[in-house]
Every structure is written in structure tokens, then in C-alpha cells.
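What follows is the residue order along each chain.
2 protein chains.
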Amino acid sequence: MATEVINLKDKAGLIRDLHAYKGVAKMNNYDFKLVKAKREFIWHKHPDTDEVFFAVEGSFVIHLRDKVLSLSPGDLVVIPKGVEHKPVFDTQCTVMLIEPEGTVNTGDSGGDLTDDHVEWI
Amino acid sequence: MATEVINLKDKAGLIRDLHAYKGVAKMNNYDFKLVKAKREFIWHKHPDTDEVFFAVEGSFVIHLRDKVLSLSPGDLVVIPKGVEHKPVFDTQCTVMLIEPEGTVNTGDSGGDLTDDHVEWI
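Taken in sequence, the protein lines are chains A and B.
Going by this note's numbering, the residue at position 104 of the first sequence is 109; the numbering climbs one at a time, nothing skipped.
Going by this note's numbering, the residue at position 107 of the second sequence is 112; the numbering climbs one at a time, nothing skipped.
The reader is advised that the hints may include incorrect statements.
Each pair may be met inside one copy or between any two copies, as identical chains are not told apart.
Here are the simulated DSSO-like pairs of lysine-lysine, each with C-alpha atoms no more than 27 Å apart in a straight line [to be verified]:
#1 Lys31 with Lys91
#2 Lys72 with Lys31
#3 Lys14 with Lys43
#4 Lys14 with Lys72
No lab work stands behind these hints: they were computed from the structure.
Model, not experiment: these values are computed from the prediction.
Make the full structure from the sequences, and use the hints.
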């Protein structure tokens with residue numbers, strides 16, 4: 006990939022489809038992916054890696070078993086390896102995920118929402 | 006570290022000293038560090054890792070040998086492993102660096118600006 010400046014909102018503006026993972030940057034073996042979402046996700050965990058959520062546009066929550074995290078633009082959270090979480094996007098949001106390449110969105114839960122495809126934009 | 010929401014501008018507001026690296030999040034073995042800067046840095050490279058710069062407050066440039074990258078808030082760039090770069094902060098900026106723990110700010114160049122200390126805030 007060329008060394009170029011990436012503006013997150015500009016990249017978000019290119020995304021037309023919901024719930025499709027769009028790669029915008031790669032650091033070593035980690036992917037930085039934008040996704041536009043408006044849905045209740047499922048409970049899941051990633052047994053092998055921490056995962057970062059960074060709020061780019063809109064506000065959303067991530068349920069943990071013992072609390073609820075509320076994120077607005079400029080907020081980030083690290084969901085530790087093995088911790089169950091359920092993101093809920095009541096209104097349309099743009100989120101940047103940072104996680105190792107190949108990380109599956111539904112972790113070890115599987116199901117209909119499982120999607121490990123990344124389109125690079 | 007507790008699983009908590011981190012607002013980058015709120016964290017930046019806690020920083021009083023320039024050029025001191027403040028850890029705000031850890032994802033696996035990667036540190037997310039804020040630094041307030043107003044200085045011309047030195048040419049250096051990191052032989053073993055890519056490095057992410059994310060502009061939180063203020064605008065700055067990163068010189069590469071073949072071009073100059075200009076970053077404003079909401080912009081990020083990945084400096085690839087082994088690529089020489091020189092960040093220049095003409096006005097005071099807050100930057101978030103994402104890189105493996107133990108990464109030295111001056112890479113393999115050394116010199117007076119070398120600093121591998123991270124204070125967690």
C-alpha cells in the first residue's frame with residue numbers, strides 16, 4: 006500500500022453499503038477497517054486477540070456482561086481478548102475496528118452475521 | 006487495564022507537558038500513546054515495525070525522502086517499517102501513535118531526543 010494520508014470521514018463518505026468491512030490501513034498484521042452499521046450485533050468473544058473500536062460517526066453502545074459502554078465520535082475502547090461483548094447500533098454509525106488480519110466479526114459464536122471479508126478502499 | 010471508554014480529546018486535556026509519551030490504551034502488545042508536540046523531530050526509521058500517526062489536535066507534516074505528508078485532525082498515516090521519516094510540528098499538536106510496546110521514538114537514529122518512557126494516563 007502506498008504511504009498516504011487517510012482521512013477517516015472522507016473514507017466513510019465512500020461507503021454505500023451497511024455491514025461491509027472496508028479496509029483503510031494496515032499496520033504490520035493489523036487491519037484498520039471501517040464499517041457502517043445499524044443493527045444489534047450478537048454476543049461473542051475473540052479468544053485470541055484484543056479488539057479496538059473507534060467511533061468515527063454516530064453514537065453506539067457495546068454491552069459487556071457487567072456493564073454497558075457508550076461511545077461517541079473520538080472515543081475508543083479496547084475489548085480484551087476473551088471478553089464477551091455485544092455491539093448495538095440503534096442509529097447508523099461509522100466505526101473503525103483495529104484487529105489482527107483474519108479476525109472474524111462474530112468471534113467464536115458463528116451464525117448468520119459471520120463475515121470475514123474485507124474490501125480495501 | 007479496565008475496559009473503559011477513552012475519549013482522545015479528554016485525555017489530551019490532561020497532558021501538561023510537551024514531548025512526553027502518555028499511554029492511553031493497549032491492544033495486545035501495541036501501545037496507543039498520546040503526545041503533545043511542538044518541535045522539528047529528526048530523520049529516523051523503525052527497522053522492525055510499521056508505525057501509525059493519528060492526528061488528534063492541530064496540523065503537522067511528516068517528511069519522507071520523496072514527499073511530505075500533511076495531517077489534520079481525523080487523518081492517519083502508516084509509516085512502513087524501514088521507511089525514513091521526519092515529523093515536524095510547527096504549531097502545538099496532539100498526536101496518537103500506535104506501535105508495538107518498547108518502540109523507541111528515534112528508531113535506530115538515537116540522539117538527544119531519544120525517549121522510550123511511557124507514562125500511563
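Each hint, compared with the structure:
In the homo-oligomer, the alpha carbons of Lys31 and Lys91 lie at most 27 Å apart both inside one protomer (25 Å) and across protomers (20 Å), since each shortest distance falls under that limit. For a Cα distance limit of 27 Å, the shortest separation of Lys72 from Lys31 across copies, 20 Å, qualifies, whereas the shortest one inside one copy, 31 Å, does not. With identical chains, the CA atoms of Lys14 and Lys43 are at most 27 Å apart both within one copy (17 Å) and between copies (26 Å). When the C-alpha separation of Lys14 and Lys72 is checked against a cutoff of 27 Å, the pair qualifies only between copies, where the shortest distance is 23 Å, while the shortest distance within a copy is 29 Å.
Consistency with the previously given hints is maintained throughout, with no hint failing.
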